[in-house]
Amino acid sequence: MTTKNAKVPQNQNYIYKILILFAFLIGFIFTSNLSAQQDDQEVINYFQMEPLDDSLFIQIQSEVFIDPPDPKAEIIVDLREVTNQTVAIGGVLYPYLAFTPETRARIFTYPFKIDLSKGVTFASVFTDVIDKIKLKKIVAPPTKYQISSTMNYINPFFQLLGGERFGFAIHRDIGISIGTGTPYSGPLETSMVMASFHLIGARVGFFTKLDEIFRVSKTDNIRNNLYVFYGVEVGYVIPFGNFLEISYTTNLDEFGDTKGFEQIYNEVYDSNYDTYEDKMAMLENEAPFVLRDSYLNWEFRYPVSILGSTRGKVYVAQYLDEWHTGFIAREMSLAGSTFDFRLDAMVGSKRRNNQVAIDLIVSKIFDMWASSAMAFGPSLVLTTLDDGSFGAAQVFANFRLKLGTSL
-8 MTTKNAKVPQ NQNYIYKILI LFAFLIGFIF TSNLSAQQDD QEVINYFQME PLDDSLFIQI
52 QSEVFIDPPD PKAEIIVDLR EVTNQTVAIG GVLYPYLAFT PETRARIFTY PFKIDLSKGV
112 TFASVFTDVI DKIKLKKIVA PPTKYQISST MNYINPFFQL LGGERFGFAI HRDIGISIGT
172 GTPYSGPLET SMVMASFHLI GARVGFFTKL DEIFRVSKTD NIRNNLYVFY GVEVGYVIPF
232 GNFLEISYTT NLDEFGDTKG FEQIYNEVYD SNYDTYEDKM AMLENEAPFV LRDSYLNWEF
292 RYPVSILGST RGKVYVAQYL DEWHTGFIAR EMSLAGSTFD FRLDAMVGSK RRNNQVAIDL
352 IVSKIFDMWA SSAMAFGPSL VLTTLDDGSF GAAQVFANFR LKLGTSL
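Residue numbers for the sequence shown follow the numbering used here, so the first one is -8 and each next one is one higher.
Everything labelled a hint here was simulated from the structure, so no lab data went into it. Ideal placement from N, C-alpha and C gives every residue a C-beta, glycine not left out. Don't take each hint at face value.
Distance windows between CB atoms, simulated [claimed, not checked]: (1) Ile237 to Ala96: 42 to 50 Å; (2) Val223 to Thr77: 55 to 63 Å; (3) Thr77 to Phe197: 47 to 55 Å; (4) Ile237 to Asp106: 46 to 54 Å.
Whole structure, please, built from the sequences with the hints as guidance.
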């Protein structure tokens, strides 16, 4: 039995169409910001405050001794009756007069309000969400931690599959970060797990595999999977801003090509081959990406706050000899909803098909403290499938936990 070489499909127009559509959507939002949002002169006395000002939300809660404060808490203000004016924070009522005059003034003049006093009509099902959308604060500067070359790794969000690493400081510029997958991988795409030690902009990380990640994955459409054994990754953020990071990834396992391919074969393939050479040829040309070599990586990013997000960036990167571009943001607020969004497009790879990884993780779906701390939603990878068509190679539920307050 002989094996013919499998080539990466040349027609990658699907990926570029998705990128063009995404760019058009961003452009439309920015354009709408210039014309669609005019200041409303009417006084609104019954409203929900859009969580777009972390400092004000924290100040409001600290004045009524809520500890720890939640910068994305649901706050509803009712000023319709002069003798019974209240502020509801997470469902708990507080008198309006319990707050300082300065805070009451900021609440009353808060520009991002969802009017709760309007009646419901037959058209409300179509117009209510649109009316709630506030795009005046679509883009804002990032926090000081995000632009710091030595503390940018500090991140209170732990995502189950892929995305940025969860990171915390031990003391000032010394800290630890951990995560599953790569910063650019989608759900069930790779078995990698990594822990890194950070010191003044530099980091040293060790990665290994967690086979259980693939136990729930199907054995078809696996060409775009990334298999690792164990190794090390060192990186350094260029000083004077968190804009450019350079890293180096290398494999430390001395298994050699034969042993490594044999392990991948046993894990994901169930076919019979006439000769050992045929099996090795199949694995070399058709198997998923097996991390065996060393790679010089870099990422150019621009930290930014989108729709009041507490953490966000746009980026272009080369990682493991593959090109990525994308956008990620945490706790964006739109029409009264709070959610995380990530879109990563792998637009160039010598070993794998181009793909788009998408996360949409929504918070406020659990109760009590989990309302802001936990989020849940779908993740998927769009790429060229085994039959040559374009579709979802992986679809899975993703989960995000927020450990600590936003910075």
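For this structure, which hints from the list above don't hold up? Violated hints: none at all, because every hint is consistent with the structure.
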